[in-house]
Amino acid sequence: MKILCVLIPHFPLKCEIMRNGDLQNRQIILTRVAGTKKLVMDYTPELTGLQEGMPIQQAISRYREAFLLQADIPYYRSTFSQILDLLEKTSPLVEEAGPGLAFLDADGLQLIYPDDNALATCIQETLPAALAARVGIARGKFPAYLAALRSQPGSYCSLEDRETAFLAELPCDVLPVSLKIKKRLHDFGLHTLGRIGSLPPGPLQSQFGTLGRRIWELARGYDNTPLYPRPTTETIEESTVLPSLITSLDALLLPCEALLSRVFTRLAQRKLGILSLTLWTMSWKTEYWEHRIDFKEPAMHIHKVLTRIKSVLENQPQPGPVERLGFKITRMGYQYGQQKSLFPEVKARDHLQESIKQLNYRSGSPQVFKIKEAEPWSRIPERRYILASLNH
Amino acid sequence: MVQDSGKTLYTGIVKPLNIPVPVNVSEDKTGLPVSVRTSRRRRVVLLEDRWRIDDEWWRNEPVIRFYYAVLLDNGQRIVIFKDLANGRWYQQSC
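Going line by line, the protein sequences match chains A and B.
Going by the working numbering, the first sequence opens with residue 1, and the numbers climb by one from there.
Going by the working numbering, the second sequence opens with residue 1, and the numbers climb by one from there.
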C-alpha cells in the first residue's frame with residue numbers, strides 16, 4: 001500500500017499568519033482553554049523549549065515578550081477541511097489524521113503521475129505555498145509520516161523500497177508508543193530503529209507482548225494500518241456574528257432560533273430532520289466552546305432542537321460574552337411518521353408558517369421579522385431589542 | 001461534502017433595532033446643544049434631562065455617550081447624544 005503523507009507543522013500558527021500577515025515576523029504563542037486552564041496550542045518554531053499542552057504560565061515565564069493569541073479552532077478546522085478538499089482532487093481517498101496531517105492513498109496514481117516527483121509536485125502546487133507543506137511517500141503510514149517529517153518545507157521525500165535503510169538511523173523515540181516503553185527500549189540498548197529491526201521478532205514479543213511485534217514491524221518500515229478515508233457525509237454549517245455581545249441565555253437562544261430556522265428551511269424541502277448537531281460559540285476573547293447534541297429520532301421541528309439547546313446552555317455556562325455562534329449538522333435522517341393536527345387553529349398556524357417559509361425561500365432572505373427582547377436591562381438603547389426572523 | 005454555507009457570517013437573520021441616526025447639532029461654548037437639524041434647523045428651547053453612559057469599556061470601541069432629552073421650538077421632544085469617542089451627534093429614541 002503506497003501512502004503519501006502531507007504534513008504541515010505548526011498548522012494553527014500558519015493559519016493565523018495567512019489570515020493576518022502582520023504576525024509574520026512576531027513571536028506568537030497560540031493558547032486554548034481546557035477547563036479552567038489555559039494551555040499552549042501552538043507557537044512560533046523559534047520559541048524553543050515550548051510544548052503543545054504546556055500551561056501558559058510556563059510559556060510566558062520563558063518568553064515574556066511573546067504575543068499571546070487565542071486559538072480560533074473553527075477557523076483552523078474550516079481551513080484544514082478546505083485543504084483536504086484540495087487533496088481529494090489528487091487522490092479520492094484522504095484520511096484526516098489531525099490538524100495539519102493527512103494521508104493519501106497513492107496506489108494506482110502512477111497511471112496519472114509517472115513518478116513520485118510528479119505526484120509530490122502536484123500536491124505542493126495544489127496547496128498554498130505559505131503553508132510550506134512537507135510530503136513523504138512510502139509503503140505505509142508510519143514510514144510516510146517519518147519521511148514527511150524529515151523532508152524540507154515545501155519539498156518531499158520518497159522512500160521507494162528503502163524504508164528499512166531510511167529508518168535504521170532514526171532513534172526509537174519516533175515510535176508511536178508510550179514513554180514507558182520507549183524508556184524500556186533505551187534500557188535494553190535499543191536506541192535506534194535499526195537496532196530493533198535487526199533483532200528477531202520473538203524477543204520483542206516476549207518483552208512487550210503483541211505490541212512488541214508491532215514495534216518490530218514499524219522499525220523495519222512495515223505498517224499495514226489501513227487508511228481511513230474521511231466519510232463523504234453531507235454537512236450543513238450555519239454561523240452568525242452577533243450584533244452585540246450576548247451574556248444571557250434568553251438572548252443567546254434568539255440567534256440559535258434564527259439559525260435553526262434557516263437550517264430547517266433547507267431541510268424541509270428534502271423532508272429531512274436533524275440527527276446530530278454540534279453547537280459552537282466564540283466568546284469575545286475568542287474562547288472556543290462546542291457541544292455535540294444527538295437525537296434518537298430525527299428532529300423535524302425547530303422547537304425540539306431549541307429545547308435541547310436550551311437545556312445544554314443552562315447546564316454548561318459559556319466561558320464569556322458570546323460574539324459568534326454556529327451549528328454544524330453532521331447527520332440527518334428522514335422522519336419515521338407524522339400525524340397532522342385535527343384542530344383548525346393549529347392547521348391555520350401551520351399554514352401561516354408554511355407561507356412565511358415560502359416567502360423567505362423565494363426571496364432568498366428572511367422577509368418577516370418579530371421584535372424580541374435581547375437585553376432589556378441594557379443602558380445602551382440599541383442593545384435592548386432585536387429583530388429576529390419569523391419563519392418557523 | 002457540502003461547502004460551509006456560513007460564509008456570510010452576519011446572515012441578517014438577527015438585526016439590531018433602534019440604531020443611532022447621525023444628526024447635525026450646533027453646540028454652544030460649553031458643549032450643550034443649541035439647535036438640531038432634522039428636516040430643518042430647530043432651536044433647542046429646553047434641556048429636559050441629560051445623562052451619561054459609559055459601557056463596554058473592555059472593547060476596542062467603548063460606548064461613551066452623553067444623552068440629552070431636548071424640547072425643540074416646534075414642540076417636538078427628541079433624545080440626542082454626543083458620542084464622546086468620536087465627537088459626533090446622533091438621535092435615538094429611548
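If you are wondering where the hints come from, they were derived from the structure by calculation, not from laboratory data.
Note that the structure is predicted; figures quoted are calculated from it, not measured.
We treat Cβ as the ideally placed atom computed from N, Cα and C, and that holds for glycine.
A portion of the hints provided could be inaccurate.
A partial selection of chain B residues facing chain A, derived with a Cβ cut-off under 10 Å [what the hints assert, rightly or not]:
| no. | residue |
| --- | --- |
| 1 | Pro20 |
| 2 | Val23 |
| 3 | Lys29 |
| 4 | Asp55 |
Looking from chain B toward chain A, a few residues come up when the C-beta cut is under 8 Å (computed) [to be verified]:
| no. | residue |
| --- | --- |
| 5 | Pro16 |
| 6 | Ser39 |
| 7 | Leu47 |
| 8 | Arg50 |
| 9 | Tyr68 |
Once the Cα atoms are required to be at most 27 Å apart in a straight line, the calculated DSS-like pairs of lysine-lysine come out as [to be verified]:
| no. | chain 1 | residue 1 | chain 2 | residue 2 |
| --- | --- | --- | --- | --- |
| 10 | B | Lys29 | A | Lys304 |
| 11 | B | Lys29 | A | Lys310 |
| 12 | B | Lys15 | A | Lys357 |
| 13 | A | Lys357 | A | Lys372 |
| 14 | A | Lys304 | A | Lys370 |
| 15 | A | Lys372 | A | Lys347 |
| 16 | A | Lys310 | A | Lys357 |
| 17 | A | Lys271 | A | Lys347 |
| 18 | A | Lys14 | A | Lys38 |
| 19 | A | Lys340 | A | Lys357 |
| 20 | B | Lys29 | A | Lys370 |
| 21 | A | Lys38 | A | Lys89 |
| 22 | A | Lys340 | A | Lys304 |
| 23 | A | Lys2 | A | Lys37 |
| 24 | B | Lys29 | A | Lys372 |
Hints, one by one, checked against the model:
Hint status for B:Pro20 relative to chain A: holds, with the closest Cβ pair at about 7 Å, below 10 Å. Violation of the interface hint for B:Val23 is found here, the shortest Cβ-Cβ separation to chain A being roughly 15 Å, above the 10 Å cut-off. Annotation: interface hint on B:Lys29 violated; nearest CB of chain A at approximately 29 Å, more than 10 Å. The beta carbon of B:Asp55 is positioned within 10 Å of a beta carbon in chain A (closest approach about 6 Å), and the interface hint is therefore held.
Taking 8 Å as the C-beta contact cut-off toward chain A, the hint placing B:Pro16 at the interface holds, the least distance being around 4 Å. The beta carbon of B:Ser39 is not positioned within 8 Å of any beta carbon in chain A (closest approach about 22 Å), and the interface hint is therefore violated. Given the 8 Å rule on beta carbons, the hint for B:Leu47 is violated: about 19 Å separates it from the nearest Cβ of chain A. Contact between B:Arg50 and chain A, as hinted, is not supported at the beta carbon level, the nearest pair being about 14 Å apart and thus beyond 8 Å.
Checking B:Tyr68 against chain A by beta carbon gives a least distance of about 14 Å; that is not within 8 Å, so the hint is violated. Distance restraint check for B:Lys29 and A:Lys304: the Cα-Cα separation of roughly 60 Å exceeds the 27 Å cut-off, and the hinted pair is therefore not satisfied. Annotation: proposed proximity of B:Lys29 to A:Lys310 is violated, straight-line Cα distance about 53 Å (limit 27 Å). A hinted pair counts as satisfied when its Cα atoms are at most 27 Å apart, and B:Lys15 with A:Lys357 qualifies at roughly 18 Å.
As the CA atoms of A:Lys357 and A:Lys372 are separated by approximately 19 Å, the hinted pair is consistent with the 27 Å bound. Restraint check: the Cα-Cα separation between A:Lys304 and A:Lys370 comes to about 20 Å, which is no more than 27 Å; the hinted pair holds. A hinted pair counts as satisfied when its Cα atoms are at most 27 Å apart, and A:Lys372 with A:Lys347 qualifies at roughly 25 Å. Taking the CA atoms of A:Lys310 and A:Lys357, the gap is about 24 Å. The hint holds against a cut of 27 Å.
Proximity of A:Lys271 to A:Lys347 is assessed by CA-CA distance (about 19 Å); at most 27 Å being required, the pair is judged to hold. For the proposed pair A:Lys14 and A:Lys38, the alpha carbon gap of about 21 Å is at most 27 Å, so the pair holds. In summary, the hint linking A:Lys340 to A:Lys357 is supported, as the alpha carbons are separated by about 18 Å, within the 27 Å threshold. Taking the CA atoms of B:Lys29 and A:Lys370, the gap is near 44 Å; set against the 27 Å cutoff, the hint is violated.
Of the supplied pair hints, the one linking A:Lys38 and A:Lys89 is violated, its CA atoms being roughly 38 Å apart against a limit of 27 Å. The straight-line distance between the Cα atoms of A:Lys340 and A:Lys304 is roughly 16 Å, inside the 27 Å bound, and the hint therefore holds. At roughly 42 Å between alpha-carbon atoms, A:Lys2 and A:Lys37 are farther apart than 27 Å, so this suggested pair is violated. The suggested pairing of B:Lys29 with A:Lys372 is violated, with an alpha-carbon distance near 41 Å, which exceeds 27 Å.
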